[in-house]
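K.L.:
Here is what each chain is made of, one letter per residue.
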Amino acid sequence: MASKTSRHPKKPFHFTRILVPKPTERRFYGHGIPGVDPTKLRGKLIVVEGCDGSGRSTQIQRMVDWLESSGHATVQTGLKRSTLVSEELNQAQNGNILSHTTMSLFYATDFADQLENVIFPGLKAGRIVLADRYIYTLMARDLARGTDMDWLRNLYGMALIPDAVFYLDVSAEQRLARNFAKDFALDYWESGMDLGLSREMFDSFLKYQAMVEREFRKLQKIYNFSVVDGNRSPEEIFNELRKRMEDVMKGNPRKPGTGHDI
Amino acid sequence: MTKSFAQLGFPGRLIAVEGLDGSGKSTQIYLLKRWLEQEGIKVFFSEWNSSELVKSATSKAKKRELLSPTTFSLIHATDFADRYERQLVPLLRAGYVVLCDRYAFTAFARDTVRGCPSNWVRGIYEFAALPDLTFFFRADLEISLNRILDGRPQLKYFEAGMDLRLSSDPYESFRIFQGRILEQYLAMAPEFGFQVIDANQPIEVQQNVVRDVVVNRISLMDFHKDSTLKFPRVS
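Protein sequences appear in the order of chains A and B.
Each number in our numbering comes from the position in the first sequence (counting from 1) with 399 added on.
Each number in our numbering comes from the position in the second sequence (counting from 1) with 1227 added on.
Calculated from the structure, these hints are not laboratory results.
Please note that a few of the clues may not be correct.
As the list claims (entries may be wrong) - A partial selection of chain A residues facing chain B, derived with a Cβ cut-off under 7 Å:
(1) Ile432
(2) Pro433
(3) Leu483
(4) Val484
(5) Glu487
(6) Thr500
(7) Ala511
(8) Asp512
(9) Asn553
What the hints assert, rightly or not - These stretches of chain B come out as covered by chain A in the derived footprint (C-beta under 8 Å, 3 or more residues):
(10) 1293-1304
(11) 1321-1330
(12) 1432-1440
The beta-carbon is built from N, C-alpha and C at its ideal position, and this holds for glycine as well.
So here's chain A without its partners, still in its complex pose (with noise of 0.2 Å):
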């Protein structure tokens, strides 16, 4: 920077002016959280989705660094980083000890508890809050094992609408591909094994992921995600998802949906 500013002496230093985003309309899905008001929620939140392996940690990285170095504080959240019940729900998984309701009120316990003491407190403070995965990955992975709808929709009545879900969309076979360049093995869960749907992993995880993702494609029209083609280079993907960024913090993002209008 010093050798900089003495080569150029008399150039002033220039920044971009840091847009203050715009606030948008806040609401529940449902009942929400007793006695917290949506209108102080000043932030952004933004929420990636996708399938394991789709490449969400990736650009939420970048994400991260682009929104900071353009000025905006953020925060990170996702799924089972609660101090309330993580710790359980990884020994639950390891012991595969928990029939579906149980891991399904777990599940939501933990959500419960990262939107009320991250999610929340980070949008209050207007910070942006980038979400690896929110409610509807866990709805997609009860529906597949046979869970109610209605009731899924109900307990989830707490969540907050997010001003963005980015649905990161890649082929099965990409994300087998990253799977195993990244742990060399499958996943009990992400396999899907407790569902006896093969006893061979490799077919368990091919079934298992196209159930899910069947339920994605629903979720996305119920919810109207914003679905980005992620079967292409990083560089790629992240533009895209930058320019929709964009608009969200200029306040005319693409509305996702109430989950009512089916």
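For this one, chain A is given, so just place chain B on it according to the hints.
P.N.:
Chain B only, in chain A's frame:
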């Protein structure tokens, strides 16, 4: 929750007890259990908030006062679901008489008092069937309060409803909190057909009524250890 286990074709029967802390309901269900065991009935007892895994999260959270009304509600629903799916349903399919010290009504009452929307809470418990018989132990508020306050003067944070900021004095908070829960129970009593027991009476008098109601409402011989068991299909 619209149908009971009997209405859903389960061979077993579920009996629940509800009431305020200190209403004596746990004593009554214990005495019922002892009697049924003596009679050779296949009986199983399940307590609110007792599933092992969930308990670890709950006790940690309660100690650190980490719970909001929403997470309080959800963590107890998780506990209930765990016991429901792993113990209650299998045992009811195997023809047991299952005794529950508290059922979903406890959540309906407490969570609503804590400010959770009633429809939301009820919707969450929609996966569960209604008990075949629910006893509600109705004691005067002062009597239940004194039973608790005499025996156990250290009130726990959530138990006293301190999270509701009703009063900075735990005893006063507990009184107000329990009073509101009682109102909720009384409103639910006709809706869910609670069998109301006067809990101000001597233990023996109450137990007589309890056993009498059980004998009249449930054909106990079907649940005897020696009775041949058929496994009807459950829808």
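K.L.:
Look at each hint and say if it fits the structure.
P.N.:
Do the hints match the structure? See the list:
1. Ile432: Holds, about 5 Å.
2. Pro433: holds (4 Å)
3. Leu483: Interface hint status for Leu483 (chain A): holds (5 Å vs cutoff 7 Å).
4. Val484: holds (5 Å)
5. Glu487: holds (4 Å)
6. Thr500: The hint holds - Thr500 (chain A) has a Cβ within 7 Å of chain B, the shortest such distance being about 4 Å.
7. Ala511: holds (5 Å)
8. Asp512: This hint holds: Asp512 (chain A) lies near chain B, its Cβ roughly 5 Å from the closest one there, short of 7 Å.
9. Asn553: At about 3 Å, which falls below the 7 Å cut-off, the nearest Cβ of chain B leaves the hint on Asn553 (chain A) intact, so it holds.
10. 1293-1304: Held - the segment 1293-1304 of chain B has 9 residues with a Cβ nearer than 8 Å to chain A, which meets the minimum of three.
11. 1321-1330: violated (count 0)
12. 1432-1440: It is violated: at least three residues are needed, and the segment 1432-1440 of chain B offers just 0 whose Cβ sits closer than 8 Å to chain A.
Of the numbered hints listed earlier, those contradicted by the structure are 11, 12.
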